[in-house]
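K.L.:
Listed here are the chains, written in short residue letters.
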Amino acid sequence: MRSDRHILLTLFPLYSVIVGLFLSGLMMLFLGQNPLVVYRDILLFAFRDIYNIADIFAKAVPLIFTGLAFGFAYRASLFNIGAQGQFYMGCLASVSCSLYFSFLPKVLLLSICLLSSLIIGGLWGSLIGYAKARFNANEFLLSLMSTYVAIAIMNFLIRGPLIEAKGEYPQTDVIAQSAWIPLLIPHTRMHAGLILALLVAAAAYFILWKTALGFKIRAVGMNRDAARFAGIDERKIFVSVFFISGAFAGLAGFTEVNGIQHMLVQGFNPMIGTEGIGIAILGNAHPLGIVLSALLFGALKVGGALAVQVSNISSSFLGIMEGCVMLSVIISYFIRQRIMTVLEKKRLQEESKVKIL
Amino acid sequence: MIIEGLLARSIQMSTPLIIGALAEVLVERTGVMNIAIEGIFLLGAWAGFVGTYFTGSHLIGLIAAIATGTLVGSCYGYITVYLKQHQIVTGTAINILAAGLALYFYRVLFGVPLLPLTVEPLARLNIPLLSSIPVIGEILFRQNVLTYLSIALIFMIYWLLFKTKIGLVIRSTGANPEAVDAAGINVDSVRFKAVLCSSALCGLAGAFYSIGFLGLFTEDIIGGRGWIAFAICFLGNWNPIGAAVGGLIFGIADATSTVIQTSGFKLIPNEFVIAIPYILTIIATISRKEFRVPEYLGVPYIKEGRR
Chain A
0 MRSDRHILLT LFPLYSVIVG LFLSGLMMLF LGQNPLVVYR DILLFAFRDI YNIADIFAKA
60 VPLIFTGLAF GFAYRASLFN IGAQGQFYMG CLASVSCSLY FSFLPKVLLL SICLLSSLII
120 GGLWGSLIGY AKARFNANEF LLSLMSTYVA IAIMNFLIRG PLIEAKGEYP QTDVIAQSAW
180 IPLLIPHTRM HAGLILALLV AAAAYFILWK TALGFKIRAV GMNRDAARFA GIDERKIFVS
240 VFFISGAFAG LAGFTEVNGI QHMLVQGFNP MIGTEGIGIA ILGNAHPLGI VLSALLFGAL
300 KVGGALAVQV SNISSSFLGI MEGCVMLSVI ISYFIRQRIM TVLEKKRLQE ESKVKIL
Chain B
0 MIIEGLLARS IQMSTPLIIG ALAEVLVERT GVMNIAIEGI FLLGAWAGFV GTYFTGSHLI
60 GLIAAIATGT LVGSCYGYIT VYLKQHQIVT GTAINILAAG LALYFYRVLF GVPLLPLTVE
120 PLARLNIPLL SSIPVIGEIL FRQNVLTYLS IALIFMIYWL LFKTKIGLVI RSTGANPEAV
180 DAAGINVDSV RFKAVLCSSA LCGLAGAFYS IGFLGLFTED IIGGRGWIAF AICFLGNWNP
240 IGAAVGGLIF GIADATSTVI QTSGFKLIPN EFVIAIPYIL TIIATISRKE FRVPEYLGVP
300 YIKEGRR
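Protein chains in written order, with numbering that gives the first Met the number 0: chain A, 0 to 356; chain B, 0 to 306.
Please note that the accuracy of each hint is not assured.
Each computed SDA-like pair below joins lysine to any residue, with the alpha-carbon atoms no more than 20 Å apart [stated by the list, open to error]:
hint, chain 1, residue 1, chain 2, residue 2
1, B, Lys83, A, Met339
2, B, Lys83, A, Pro181
3, A, Lys344, B, Lys162
4, B, Lys162, B, Asn238
5, B, Lys83, A, Gly220
6, B, Lys302, A, Pro181
7, B, Lys83, A, Ser331
8, B, Lys302, A, Lys105
9, A, Lys105, A, Pro181
10, A, Lys344, B, Lys302
11, B, Lys83, A, Lys105
12, B, Lys83, A, Arg335
13, B, Lys83, B, Tyr300
14, B, Lys302, A, Asn283
15, B, Lys83, A, Lys235
16, B, Lys302, A, Gly220
17, B, Lys83, A, Asn283
18, B, Lys302, A, Ile338
19, B, Lys83, A, Phe333
20, A, Lys235, B, Ile285
Derived from the structure by calculation, the hints contain no laboratory data.
Computed from a predicted model, the values in this text were never measured in an experiment.
Could you put together the complete structure from these sequences and hints?
P.N.:
Dropping the structure here:
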């Protein structure tokens, strides 16, 4: 009986997703569209054929990374909302390596790209952690602003040293085939980056719950003062958390450049960092939850993008859907908390009655 | 001549930043961060534009912006203050939603226009006598009405916070909510009202970008300036005067970066010139040593035993 209730409660985010989609559906009425038809289209399109189903996974890959980036830091009560910038730095590192080392054999080239995006993303992130540790600077503001600086660096490089040979548009040349991440299913866009994303999610779980570092990170997250009294050097934790978090976001750059785009276009995927925050919240900052939420967002993106094409709904509607879903998930956390408190009270009352009798 | 133009433009550009930062000071003194500021700026810009476009009246545009800001604020305030949910998390959700809503309803109302739709921007009000003072008149007294309002707000909010009983309640709510509660004042109610006031002001600040000087609305019209106002509140040590100084510095940075971009000055690449205000925020955040953070900033107030 009790466990049944528990399962119902853990499924709460799922109900709230439905509520959020319902709320955003109301907005469609303004354009004279039937939300049920649009949602049916989204579902039909998302699962129409193997290509689209594979695309859901392809779209989910970078979201898993940016979701992990926010979720990992969130476990330490740190706010890394600069995943967008770390992602761009990872893109830059990966595309530069792909362009300049294209003569190397595939395995070596891909490893270099992977490592460089991981390290550059991590270093860019750890600058924030370092500033917090050394100067007690506010990491929320710093990570926020670091994205704008990363965008400036990206725009500069892409219009200057990295610009395509034709020199016409702000984008790089297409990278050599040897730098492409191999596909998992031929003729789709699902690439081996998915395996990397799942491995990294598993690694995030392992680091947080199975290592001494993870224990310290969670201790700092739960109570910074208590952690300090226990002899944990919180400043080291700040730097390492931001390195790991930035590295996750940087890896999204690797998979997007080498797995999907095969080039770097100025200002592409501008919402990936913010969506990562939404995904981390939806997934309760747990790696497994993040993977599942990323798949949900991926399905919304794939189905949504196509449904938008056949109806006259603008693509900004995806933002409304994501926002409504996030808000209803946040409210559902409140409701779940309430229900659990009430249940707990009832249980205590019943127990005390039994004792009195 | 160039310097005068630059300074006049700096004052102009600092207007929304000052209004936004003052709004943030007001609400953060009660212990709530208004993280939805970027989204409210954007929706304020949107509502200001739409109101003005359809009625031809700037006043109605400004009222629409204030109303929209308050509406978004009530949503944010309800979830963070009454439902005690995380402020950064809720704010992020609202910012995503706001960006979607602004673009979606722009599309609903106007379709996809070939040329961006425009309205007449707010006229400059030349203050009699004062505006004819050489140099200073040009810089200070030939601005639009929102700029004068922002200057008045600096003093009004300072007076409200430090010279009135309401101000004492506001400051105590952020510094020691238990004491405020013990005095029989409802902490949540104070915080919620502060969120509403601050959101109304932020909506107004957002409208400055659309109808204050550009006269149009685009999706990247705010482009992180809400966040800069948010940062200025921190850097100004939660003090209205500090917020005003910060707003002015960033106004100068904003104006300088525009001037450098349009001039032939090519020593620094344009991409980095655009980033000047953001780099300045980072430097200021790192070098600022003494922060007097309101004690309970970001912590929901939960009465003991009533969880």
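K.L.:
Hint by hint, say whether it matches the structure.
P.N.:
Against the structure, the hints come out as follows:
1. B:Lys83 - A:Met339: The hint holds at about 16 Å.
2. B:Lys83 - A:Pro181: This hinted pair is violated, its Cα atoms lying about 47 Å apart.
3. A:Lys344 - B:Lys162: 46 Å, violated
4. B:Lys162 - B:Asn238: With Cα atoms ~13 Å apart, Lys162 (chain B) and Asn238 (chain B) stay inside 20 Å; holds.
5. B:Lys83 - A:Gly220: With a Cα-Cα distance of about 19 Å, the restraint between Lys83 (chain B) and Gly220 (chain A) holds, given a limit of 20 Å.
6. B:Lys302 - A:Pro181: 56 Å, violated
7. B:Lys83 - A:Ser331: Holds - the C-alpha atoms of Ser331 (chain A) and Lys83 (chain B) are around 12 Å apart, at most 20 Å.
8. B:Lys302 - A:Lys105: Measuring from Cα to Cα gives roughly 61 Å; hence the hint is violated.
9. A:Lys105 - A:Pro181: Roughly 10 Å separates the two Cα atoms, so the pair holds.
10. A:Lys344 - B:Lys302: Status holds; Cα separation ~17 Å.
11. B:Lys83 - A:Lys105: Violated, at about 52 Å.
12. B:Lys83 - A:Arg335: Cα-Cα ~13 Å, so holds.
13. B:Lys83 - B:Tyr300: Between Lys83 (chain B) and Tyr300 (chain B) the Cα gap is close to 8 Å, so the pair holds against 20 Å.
14. B:Lys302 - A:Asn283: Violated: Lys302 (chain B) and Asn283 (chain A) sit about 25 Å apart, past 20 Å.
15. B:Lys83 - A:Lys235: 31 Å, violated
16. B:Lys302 - A:Gly220: 23 Å, violated
17. B:Lys83 - A:Asn283: Satisfied, since the Cα-Cα distance of roughly 17 Å is no more than 20 Å.
18. B:Lys302 - A:Ile338: 18 Å, holds
19. B:Lys83 - A:Phe333: This hinted pair holds, its Cα atoms lying about 8 Å apart.
20. A:Lys235 - B:Ile285: 18 Å, holds
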